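**Student:** The primary structure of each chain is shown beneath.
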Amino acid sequence: MTGSPLLSLRDVEVTFTTEAGSLPAARGVSFDVHPGETVAIVGESGSGKSTTAAAVIGLLAENGAVTRGQILFDGQDLAALPHSATSRLRGSDIGMVPQDPMSNLNPVMRVGDQIVEALEDNGVARGAAARRRAVELLEEAGLPDAERRARQYPHEFSGGMRQRALIAMGLSCRPRLLIADEPTSALDVTVQRVILDRLDELTAELGTAVLLITHDLGLAAERASRIVVMYGGEVVETGPALELLRDPQHEYTQRLLAAAPSLASRRIQLAKVTGLAAVAARDLLSVSHGDGVDAATEGAGGTRTDSIIEVSGVSKVFQLRGKGLFSRTEAFTAVDDVSFVIPRGRTVAIVGESGSGKSTVARMMLDLIPPTSGSITFNGERVGGANRAAEVRFRRQVQPIFQDPYASLDPLYSIYRTIEEPLRAHDFGTAAQRRERVHELMDDVALSPTLLRRYPAELSGGQRQRVAIARALALNPDLVVCDEAVSALDVIVQSQILRLLADLQSRLGLSYLFISHDLAVVRQIADHVCVMQDGRIVEQGTADDVFDQPQTPYTQMLLDAIPGAGLELGVAS
Amino acid sequence: MTGDPSAQSALTDTVVPSGRTNKADDVGASQWRVAMRRLRRNPGAIIGAVIVLVFVLVALLAPVLAPFPAEALPGRAEIRPTFIPGPSDAYPLGLDRYGGDLLSKLIWGARASLLIGVLSTVIGLLGGMLLGLLAGAFGGWIDTAVMRLVDLMLSVPSLLLAVSIAAVIGQSPRAIVIAIGVVQIPIFARLLRGSMLAQRGLDYVLAASSLGLSRRTVTMSHVLPNSLGPVIVQATLMLATAVIEAAGLSFLGLGGGAPTTAEWGRMLAQAQNELEVAPRLAFLPGACIAITALGFTLFGEALREALDPKTRKR
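Those sequence lines, one after another, are chains D and Z. Here my numbering is used: position 282 in the first sequence is 282, and no number is missing along the way. Here my numbering is used: position 117 in the second sequence is 117, and no number is missing along the way.
FYI, nobody ran anything at the bench for these hints, they're computed from the structure. Quantities reported herein were computed from a predicted structural model and do not represent experimental measurements. Even glycine gets a Cβ: it sits at the ideal position worked out from N, Cα and C. Take the hints with a grain of salt, since some may be wrong.
Which residues of chain D face chain Z? A few of them, derived with a C-beta cut under 10 Å, are [said to hold, decoys possible]:
{"no.": "1", "residue": "LEU368"}
{"no.": "2", "residue": "PRO370"}
{"no.": "3", "residue": "PRO400"}
{"no.": "4", "residue": "ASP483"}
Isolated chain Z (complex conformation) (with noise of 0.2 Å):
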């Protein structure tokens, strides 16, 4: 009948064992460990995750896993001005228009998509983090210089940015991989701002300022981690963007390299002259980046419904 069971207190030292102050954290549900246990149990979070488990390891095992080295033409003599070969037994998915094997270079390819996404996530991530924490950390004129920062960010077109950084340091991946870094910075910034600003209000954060803590330590220890929820999710979310960025940017050619290189986009730009001679040189590429943006963009709103503290009641 107790409404609050609180009432029964066996209160032996014993239940804690000794030399253990800290690691009594491995037993309660924490809000993280929560999120992990209903991630378990949505069938959306298990395919989306296992999408990207496949996608991560085709990218590392890349050179166990391909045929052929990622710029090798092993069926250039037999490609006609009129006739790209189709599967056979030794290019299991058949040649393109210079020759390559479209499987190898679909493997190789899963590799630059994987590099370009995180490291430009990362970037968006490392600057959005750090503008946000200052933001959200002190207020006042840093608030409002970061933020209009921030702004002027936001109101350069991302295709102008990525074509300006092209033109200073030429055609490259690096140019994608920072022209997609810097635009998801401000989306990470105001994320984090204005998570941190939620939490701030709190009471448990007065608490801690009233427990004398200084406002490192609140902030470090309080306020940051539990602002961290949302911002992780978009970073997942960000990584299926990001790969499609990526495939448009080197489709319009940012990327440089040769037009044999195996990076999706690219190859979806050289299929374009052969969309009818051989569509599926432009339909498997485009598959690979639908597929595996699906597999992020499913695993990051499982995340999100998971760390949901309105869904979170168990």
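The following block holds chain D by itself, in its conformation from the complex (with noise of 0.2 Å):
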């Protein structure tokens, strides 16, 4: 930490010139970066994080500049070299790895050739040398089989492995600083966990600086030695990773460090162990911890009978088309043989990575998708296959919440006709009564009449959130099904639609079939939890069962990924 920093921005603001006039994305900006340390920027989407990085870099889209202060790196600013001086730095003195590793590779370039083409165009070497360079750097970066793969293209990479060719690329030349964007969040928890470890020790080896932009703040006090905390475009508070976990200043800090579900998590198994069971309930909000009562019950009453939807064995198969022109076509069982059952007004969730078939069975249970064998009892009554008006039972009392709150709503529909919609396709009493349902439920997940009138663009993400969760209770259902419900949001709107969700639980006696890939989030807010892996169902039983004494090395392992699982915070307090 001692000597002359690296890379200091001092008082730096961008500005971006829109139709709206000029609109600062950034003020005000100033922190270190040491030779060899990571930094990381934490912040909610709209703080200026990427903004930030992206000047660095001198990478700004058209539209923005830098319009006050200084960006300097070894001593030189950034800001005032000219655009070709910039673009020299970059590649050579400041790397960097993308956010997306799916739209970040040329689709028809190999990989390989990416990286030799980074290397011949930074002057660090040329053809059969480069050639080679590219292979151990890959091969550096964690890729197996580096020597074949450098000769495939993108899409016959993995998630993982693009991004592990990004961090190849990135690292190609050796910068002394690396900025790192999101540079995980893309990937699944396990792979994420993989690739963050192997970013670390590359760093680390060569002694490259790194930026850590992200806006989990578990991850960030986990891999970085010192945090700057952005909102609104200015930075908040500065500080030692660990010192701003224990002791955060400002406001804003202290509600990311309460919303964050990873230090959420980490704060309940930290008071388990010390046995303060108070401290955890206030992370905790699925019912069965809301009053210590209920749980007692539901042991010895054995009211197994009272389920809301029972799924037995219950499978899908998809026919996919075949590899040549008449081959026929294959098999892919994307659910197999899954059972489990919701307790009437309890939370299950199923957990498990892109591919495992949770968001199929979620669709199943909606009846939107009918199941190849097995059956899905609601209510007692068979699910699918039935009548018109059985149908429309079954819907009244069934409705989705979905992952994004950008692609739920119709947005030509005005917020009062998104919620009305439903209780006029069920000819729910007469226009007056309608509005004054409409009224309640706007009241029930706290949000302004005002906003009626509005149209969902002209909302903020957690608000369309808000609207989906009224149009799906509009018609009093019994079962709520929420695909990745909160997965789209910022960490402090998604505490707060968690928190929602729990309350209307216990108020309305909700159940929840509640799909994440979030183990943390599923942690804070279910009372049973179903692991998912290829279609299986690997693990089920209570979610203290299942995250205390996990019985398969799989979920071991999904337990691991989530971010700061090692931190020591402050619990007691």
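Grab the two chains, each in its own frame, and use the hints to assemble them into the complex.
**Tutor:** Here is the structure:
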């Protein structure tokens, strides 16, 4: 930490010129990155964290510019340099690992050639030497069989492999500073951990300083020595990672700390070890933890019959088109012999990585696709295959909430029309009664009725998700299927929505099927957990059992992948 | 500091005046309202809209604006085999080969172009939307059947189709309208189908199905309205193409009529022989075609930009 910093931002302001006039995206941003140090910028979307990173590497969008302050890299002001000079620094002195590995590799160029291009362009190596070096770099990034892989195209790579290739590319010219913008947020949790570990090892070996951009405070605390918290374009707090976690000064940091699911699940874990049940209860939102009595009666009463939905031996086989022109279709088993039960008024979570079949289960539960075999029984009645009247009855009682609040509302419908639609479709009361119900629903999800005349495009992500919840609740359903319902939201909004869901559950006696890839979120909301892998449920039990005594190595691996697992947080406070 | 301003929920029913259940729509900014607002700020859109407006007004008011009737040849006596009189007080843009007033003919020509352009685009739009809706709403074998039919239509060259139609029903403006309209059908069909398929995969459509709405309601009140944007943009751009194609086909004589017919393409064709004597006879109708097409294109492109969700950041 001594000596002069490698990168130093001094009162930096970045302004974008838009239709609506000039818009400052970052103001008065100042922080230092010393050689070999990892610094994390934490903030929600729109906080200016990515803009700041883009300003450092000189890749601001065309309508953006550094309008004030200095960006000193090794004593040289990048903001004052001409474009050609910053582009020379890029790649050779400052490397970058972008967020989305799917769109950041050229799909028509071999992966090896793309690294060779980076090497040759920066004058590190040429020809055969560059090709040898590219293979070495891929190996170094942890890609097995690198020789063969270098000759493949990006579509032959998985997400994790692509991200390794991008890390190899980012580090190809041995930059002194590496900017990693949400490097793993598009990847599965277990892959995330492995990739970040490899990135850590590599940069430590090479002495590369890292500027890590992330929305996850837990992840930042685990990986960085210092954290910069940004909010609304400004730096609200800077400090050593652990100090900032234990003693956050700014109100926003405190809220972020309370909201981050990764930290919450760690707090629950620590509280259990130390026996502070009351502390854990602050972060646990599930009903069975809400009041201790309930949990006790469940064990004794043996109310096995009171389950709202029973899934037994359900499988789903998709027919995929064969490889050859005339070859037959191939069967792909997305869901394999899955059985579970949702007790009335409880939350059952299904966790799994992408491709585990959890969303297919959700679609079958909603009767959007039929199961190939097995049966789903809702309130004693078999789902699907029945007459239209039974289907309409079922639809009234089971409602979905989807992941992306930007896609789940019809952009042409005003909020009022969106929430009223289910009421109208099921002939609920008169126009005046419907209006009253819509207002009641807005009240339930804590939205101001002034929003009713707005359109989805005019609402924030959190507001839209509340509208989606209001719409789902309109017909007083018994079961709500939440398919990654909070995954697309910023942490603070995420925790607000989770608390809203928990609150609605205890007030209205709702049952939830909660589909998620995020174990930390599941830890907070679920009573029962089913872990899915490759279409099968590999483990299921109460949330406490699954999280405290995982029975399978796969579950253990998922648990280990929650960022911040080893952090020593001040729980007792 | 709140990231989510919904926390403040002053819940009073007085905010929405009673008896206005569905009029609530007039306050928020829907997609189309936002698009209008953006159009008004785009100079390209304004220029395009002005050109289109002038063109439409001239076409509609031709009987008032034009000094002479469409087929009249007021200056017949002044034409010599080697001489065509230029602009004068009586004929502001001069006469043509047959003694017709050029200004009057250009004005009447606007009417012919507008009629052909709009009618043919309506044929293309209706036919294409019907096919696209069939394919996009039902999918499966209906989709396959419809799209093969569309492929078949695309495989016939438009000129060949026009000549065949003219051969069957005779050379007339009707042949041109049908030929241009039919050629547009597959374009609209594909566009609407693609747009509907993209919308059908979105969560709000799944949510609508989960509400227990019938398939017809989901398609007609959610999928279709959200799929219309690109179709409307394409229709605006198609008007430009139709005006040019109409001129092209009547240049080739497929539109029939006498040599004196007031139609821009026809006038261009007639002007060929006089290119050295009176170039304005070719230049002016050509300019009219170009400017009209430019107007529709400018407006269509601006509309596309205004509706593009990628640029719809306020």
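**Student:** Hint by hint, note whether the structure agrees.
**Tutor:** Status of each hint after checking the structure:
A distance limit of 10 Å between C-beta atoms decides the matter here; for LEU368/D the minimum to chain Z is near 6 Å, and the interface restraint holds. At about 14 Å, the closest approach between the beta carbon of PRO370/D and any beta carbon in chain Z exceeds 10 Å, and the interface hint on this residue is violated. Among the interface hints, the one on PRO400/D holds; its C-beta lies about 5 Å from the nearest C-beta in chain Z, closer than the 10 Å criterion. Using the Cβ-Cβ criterion of 10 Å, the hint placing ASP483/D at the interface with chain Z is satisfied: the shortest such distance is roughly 9 Å.
Going down the numbered hints, you'll see the structure goes against just number 2.
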